[in-house]
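Given next are the chains, with one letter for each unit.
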Amino acid sequence: MLFVTLSVLTVGLFLLDLVVGAVRIPLGDVWAALTGGDCPQATAKIVLNIRLIKAIMALLAGAALSVSGLQMQTLFRNPLAGPYVLGISSGASLGVALVVLAGVGSSVGIATAAWAGAAAVLLVIAAVGHRIKDIMVILILGMMFSSGVGAVVQILQYLSKEEALKAFVVWTMGSLGDVTVPQLAVLVPSVIAGLLLAVITIKPLNLLLFGEEYAVTMGLNIRRSRGLLFLSTTLLAGTVTAFCGPIGFIGLAMPHVARMLFRSGDHRVLVPGTLLSGAAVLLLCDLVSKLFTLPVNAITALLGIPIVVWVVLRNKSFTA
Amino acid sequence: MKRWIQLAVVALCAIVVAACGRKSVSLEDFDKPVYMLEYASGFDIQGADSKQSVLLTVTNPWQGADGIAVQLFIARDGETAPEGFDGQVLEGDAERIVAMSSTHIAMLDAIGEVDRVVGVSGIDYISNPDIQARRDRIGDVGYEGNINYELLLSLDPDLVLLYGVNGASGMEPKLRELGIPFLYVGDYLEESPLGKAEWLVVLSEVVGKRAEGEKVFAEIPVRYNALKQRVAENTLDAPSVMLNMPYGDSWFMPSTESYAVRLIKDAGGDYIYKKNMGNASTPIDMEEAYLLASAADMWLNVGMANTLGEVKAACPKFVDTRCFLNGDVYNNNACTNAAGGNDYFESAVVHPDLLLRDLVKIFHPELVEEPFVYYKRLK
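Read top to bottom, the protein sequences are chains V and G.
Here the numbering used here is used: position 147 in the first sequence is 147, and no number is missing along the way.
Add 320 to the 1-based position in the second sequence for the numbering used here, that's all there is to it.
Isolated chain V (complex conformation):
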């Protein structure tokens, strides 16, 4: 029942996202643009090239970040983990900082640089992590590595010009609007592949809930599962971050929301539940950010916090 409600809500928000925008377009024209009917050319461009792409981005990014947040929380047995815990966002920001602030390899473009940065950091973590048994050590290494990369970014920021600094800071605020159709052609398959991997890892995640040792005694190949989870997170969070910048909060909060909504720890429920609630909430954030023309990252936190607080307070087991 809850799945049906969430699905309807997501579809509803998706459609609303197509109708609402800076330019007032009558409902009939939006429909005509979507179905290839008769409407002004500018309207068709706005609906198809701007709103539709942005709505698809919100849907994908919300789903991808939330699912990878869930994976990381279970893998690290840490409720404060999120998609960026392994240093994906700091790796991506290093890539972007090198292009925007230092002008290194400016021809490759921001998205490629961000993706390369994120993938480089994860490769290092995965390579080191392969020799380490204790997942907590990997977590600490990831955080140290992020801080180190962050320091390099700070130095670049410090030494750069004001205009470049502004462009970089705006990138860190996240944006769903810069994506183009060819980029979507990269993004959609990556996210779908990441989500498929997430489905494959449902069983390992459930076993990991009882601790790594128990999971091993149940016959789980821990290294292989970790590798799959890292790959899934790179595809999900890495790709989204490359194209939209680091979008905060969603990945951390949505798994908690899903756990409380569905009152379950079973990943067979949590993976689709997190996916749907993440998509719905980011669509809502995009709607609000459009209404106030503010960066989407500010909205995810401002809107997300009340949602989480509400869910926590509503959950009777958490209140006295």
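It cannot be assumed that every hint is accurate.
[Claimed, not checked] Only some residues are given here: those of chain V computed to face chain G with a beta carbon under 8 angstroms:
hint, residue
1, Gly21
2, Ala22
3, Val23
4, Lys45
5, Val100
6, Val124
7, Met143
8, Gln157
9, Leu159
10, Val170
11, Asp178
12, Thr180
13, Leu184
14, Arg259
15, Pro295
Simulated from the structure, these hints should not be mistaken for lab results.
On a predicted model such as this, the values are computed, not experimentally measured, just so you know.
Just so it is clear, CB atoms sit at the ideal spot from N, CA and C, and this is done for glycine as well.
With chain V's structure known, arrange chain G on it following the hints.
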């Protein structure tokens, strides 16, 4: 049989004639410079025989670009872009312009065409009175990285004026997808004050008023060079000049080849830091900055400070320097609007002569009677 041969010959001739008549223009035909650059180095405008269209080429439009050329073909009189041309195409003159930098607005204003601006980035920080008077009808598309493309598209622009910092503008792919032509304006990369101003000729070409643009520009070097020469003939000593304010613990010193320093030199001042001859500012340590400030006669461009008190609050250790004690501290923020937008970064680009006059007034007050425009002495 003979008839057939005759017919075939006629048909063949017809095809040859038709093919010649339809011979399309090629990119190579556009090799006749229609404007000779005098001070700038980042653009050129070329035409072709018996064609109204022009090809605008902007070379290395951002910092660190090497061998990159971005082209805009302005198609006039129903002519079409040469086959295989992969740059931007502007059909006719730009009537509706979105300007991403306030300097673009100042250039259009200089040639009396600012009413073509339909969209800007960060309208509160723009000083231009015409833009502010029409602000309800002008779209603010936001900043690069978070552009409101829906609004941008609804403004129905013929052309978007961009700038690139350390790389191509992030707006490029989306603008291509939306089919909106764009042009990089590289004024900020020119270090010559007159070269910066010369970019107004590019904007006059884009709106189809190059003759007017050339006329407006031609007068600027005349005034600038006359004043520069008067300074050279009438002054013996050049006061030493300290620049800028610290960011954190470092003080960024511009190169001796930079725009600010060239102006100081032309105005009869002596920039105190001569070690940096590169193409970017160098950070120096506080101690070195203190030595420089102590030796300087004047201190200019003190960040956002409006009073000596604000300078004191920002760098308390520098209040015992001679320039501070004598009150020889000047800033370029005399024309700042309510939101904090400074016209120095906007209209001064097309008024290097006024900027020079301000600086001459600071260094050699006896040579200039007119009041300050961009500068003020801090009290």
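Right, here's what the structure says about each hint:
A distance limit of 8 angstroms between C-beta atoms decides the matter here; for Gly21/V the minimum to chain G is near 5 angstroms, and the interface restraint holds. For Ala22/V, the interface hint holds, the least distance from its beta-carbon to any beta-carbon of chain G being 4 angstroms, beneath 8 angstroms. At about 4 angstroms, the closest approach between the beta carbon of Val23/V and any beta carbon in chain G falls short of 8 angstroms, and the interface hint on this residue holds. The beta carbon of Lys45/V comes within 6 angstroms of a beta carbon in chain G, closer than 8 angstroms, and the hint placing it at the interface holds.
The interface hint given for Val100/V is met, as the beta carbon of that residue sits about 6 angstroms from the closest beta carbon of chain G, less than 8 angstroms. Evaluation of the Val124/V hint against chain G yields a violated restraint, the C-beta minimum of about 25 angstroms exceeding 8 angstroms. For Met143/V, the interface hint is violated, since its Cβ never comes within 8 angstroms of a Cβ in chain G; the closest pair sits about 26 angstroms apart. Because the beta carbon of Gln157/V sits about 11 angstroms from the nearest beta carbon in chain G, more than 8 angstroms, this interface hint is broken.
Given hint, Leu159/V at the interface with chain G, holds; its Cβ is 7 angstroms from that chain's nearest Cβ, closer than 8 angstroms. The beta carbon of Val170/V comes within 3 angstroms of a beta carbon in chain G, closer than 8 angstroms, and the hint placing it at the interface holds. Checking Asp178/V against chain G by beta carbon gives a least distance of about 6 angstroms; that is within 8 angstroms, so the hint holds. Evaluation of the Thr180/V hint against chain G yields a held restraint, the C-beta minimum of about 5 angstroms falling below 8 angstroms.
At a threshold of 8 angstroms, the smallest CB-CB gap from Leu184/V to chain G is about 10 angstroms, leaving the interface hint violated. About 32 angstroms separates the beta-carbon of Arg259/V from the nearest beta-carbon of chain G, more than 8 angstroms, and the hint is not met. The closest approach between the C-beta of Pro295/V and any C-beta of chain G is roughly 5 angstroms, which is under the 8 angstroms cut-off, so the hint is satisfied.
Violation of the numbered hints given earlier is confined to hints 6, 7, 8, 13 and 14; the remaining hints are satisfied by the structure.
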